[in-house]
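2 protein chains.
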Amino acid sequence: MQKYGGSSVADAAGVKRVAQRIVNTKKAGHQVVVVVSAMGDTTDELIDLANEVSPLPPARELDMLLTAGERISMAVLAMAIQNLGHEARSFTGSQAGVITDAEHGKAKIIDVTPGRIEAAIGEDAIAIVAGFQGVSQTTKDITTLGRGGSDTTAVALAVALKADVCEIYSDVDGIFTADPRIEPRARKVPRISYEETLEMAAQGAKILHLRCVEYARRYDMPIHVRSSFSEKEGTWVVKAADVAGVVSEEKEAHMEAAIITGVAHDRSQAKITVVGVPDKPGEAAAIFRAVADAQINIDMIVQNISEAKTGLTDISFTLPQGEGQTAMTALDRVRERIGFESLQYDDSVGKVSIVGAGMSSAPGISARFFEALSEAGVNIEMISTSEIRVSVVVAEAQIEAAVNAAHAAFELGSDEIEAVVYGGTGR
Amino acid sequence: MQKYGGSSVADAAGVKRVAQRIVNTKKAGHQVVVVVSAMGDTTDELIDLANEVSPLPPARELDMLLTAGERISMAVLAMAIQNLGHEARSFTGSQAGVITDAEHGKAKIIDVTPGRIEAAIGEDAIAIVAGFQGVSQTTKDITTLGRGGSDTTAVALAVALKADVCEIYSDVDGIFTADPRIEPRARKVPRISYEETLEMAAQGAKILHLRCVEYARRYDMPIHVRSSFSEKEGTWVVKAADVAGVVSEEKEAHMEAAIITGVAHDRSQAKITVVGVPDKPGEAAAIFRAVADAQINIDMIVQNISEAKTGLTDISFTLPQGEGQTAMTALDRVRERIGFESLQYDDSVGKVSIVGAGMSSAPGISARFFEALSEAGVNIEMISTSEIRVSVVVAEAQIEAAVNAAHAAFELGSDEIEAVVYGGTGR
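Heads up: the protein sequence lines correspond to chains A and B, in order. Here the first sequence is numbered in full-length UniProt numbering, starting from 1 and rising by one per residue. Here the second sequence is numbered in full-length UniProt numbering, starting from 1 and rising by one per residue.
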């Protein structure tokens, strides 16, 4: 199973290059099923077109429209492969048996019945499947899976077809200890556990999407994240036990490797502060109920210590910038009922996280992280932690300094700069 | 039932305009089903993309690719209608129940099972259906219907849904007595029979495609050809009896109307002459067998009178220019076996035809046509006739003069010039 992102098939030349890779894999004796995203900016162009005719395009029709993107890329890729002398057949999500619920724009896969794919590979053909799309079990309408949908399609099909591995190709060489655009000494991680990858993805690393990693973890499907522009090994995302085995062998050479795997950052956050909340039971609950009712996912929460004088407190939380306006409107509507004073909105914040499975058994990790930030002059606004992660919210202008400081503090860097290209369509 | 061609939905503004028309029809109390072509040049762009990755794109994948075009237009049109406050749902050919054979690129409709369309209109929604496409009954693969496919989809659905009329919208006001670009006095024909329309289409008039008219004729589905840019009545294509009834009323005012309906011309023809063919039984058959085996459709045939001296004759025939190379190659291959001397290829020819149901009962029509051509200095290279048509092949440079002469000779012109726009995607 191979999956190619939009940047890998951005134009005819890219399609031909990917076709050659696929044929090489086939020639090496493998059965190949390929999931492909829409070419380059196709999806954005289709969204622009939708917005030209409708300020709020209906979800069913938007799905119908957007799935044209993968239809184009998969057909063109199948043509390019056949032009190299190998049989190839393209299949829509529906034809490939990707059965979803009816939630247009963010459908969930509820079953995969890849009978036509099995028939194609049984006849020695290469199957090309449209990522990102499926068909609703109840309405029979075409659905899209939302962000990360193509990666999820690839993993789900890999599981259903009992593939050995799901290779996810983009224009990046793998998963790095930090974003190489802001940390030139970032090093490619050879192996990483599903859990660490989930934390990296949740904290803003853009290579793999949460849903796809969750799916792979549930069914223990190894993911190989690699670049379609080079032949280099990428990063293997596997179960924790498999990482530990390899890492313990490597430990003597590189002691710190096990503790922190990487530094993730996320510029897409915003912070809302609810000022002057009466400090009595149920007030915080009422605030977060209002936000939850507006379908907003909040991330970190900080409640200041109440001032004894006034009996008032401030509550801050972070959320995706795109949901900021909705949250502010929802909160403003309950202001009188809850009785808080005012709302503050700040989207010039960012989140920096260190992630590592070794963290839970190594004391002092948070302290070393915070010291490094302090020495670099970075002010910590909020903190949250999990078993294998420590995240801080900082001013957006200080993200880069925070990443660099953390990367150095945990000795994640390589001695030489590894060449990488960044991009991707986010689909 | 309404069908909108690619020129009517060339951009977002066009889509909005068409959406408003559809909503107006709905508001007038009609149930509306709409068949739509791909937007503007989308199909050509997709074909270019295919050619960039493959010199001979496989037909199954080309169909998969091209159907993305209608998927885009139908979804965007449904959005635009919903934005006007009316429920609209888009359906692919497959979802609309357009069942075809498995001949990719030129599939034939073998059944229409529009259950989902009926359900949509039953729920008072406007159904938008992708033209030009269907699904193979045997392979379940996506197929396209080839040229004229969207018009044929519209008529087939209109028949299956027992629609009152199939309105076919383009950027032309209707069917004209001649192409207004070369005959400024061309007049819109208010009514025309299926048979005359078939002849006009076969002889190069570009408004309706043969297949669609054949389908409408078989099931007696009235077609109203009109412009999406104006509110004017267009041309009604109906059964001959219905034309005759109306025309006989009009006869006193416009005596010639019944005899000739229009002048068609076709620049896409080429002429092949097989020089020096031994004049003995079976030679002509062998030549046309070779051409037929290469899947070439030939149109007119002329065999010169054999020269007694040499016992050799020349055979000329016309065919579409696009098939010229194939035919020449096929004939060259049998030259020695048949023993002809040489081949001549001429693509600077054109065909001009007069069409009219009244012709069969009116003597002297051919004579008057040929006299008019002669007076205009047009040299006739070949002639063919049917019950309701006389066609001549002339030099390409003389097409315009021939059309003008015929138009004048049969007094087809109107006194004032009717404004029309020409274009269309040929799909």
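Take these hints with a grain of salt, some might be off.
[To be verified] Using C-beta positions, here's what the derived DEER-type ranges look like: (1) A/K162 - B/L343: 57 to 63 Å; (2) B/S386 - A/L56: 35 to 41 Å; (3) A/A240 - B/L56: 48 to 54 Å; (4) A/G29 - B/G85: 45 to 51 Å.
Hints are computed from structural coordinates only; laboratory data are not their basis. Here a beta-carbon is modelled for each residue, glycine too, at the ideal position from N, C-alpha and C.
Cross-check of the supplied hints:
Distance hint check for A/K162 and B/L343: the Cβ-Cβ separation is about 59 Å, which falls inside the suggested range of 57 to 63 Å. The hinted window of 35 to 41 Å between B/S386 and A/L56 is violated, with their beta carbons roughly 55 Å apart. A C-beta distance of roughly 50 Å is found between A/A240 and B/L56, which places it inside the suggested range of 48 to 54 Å. In this structure, A/G29 and B/G85 break the distance hint of 45 to 51 Å, their C-beta atoms being roughly 58 Å apart.
Of the numbered hints given earlier, the model fails hints 2, 4; all others are met.
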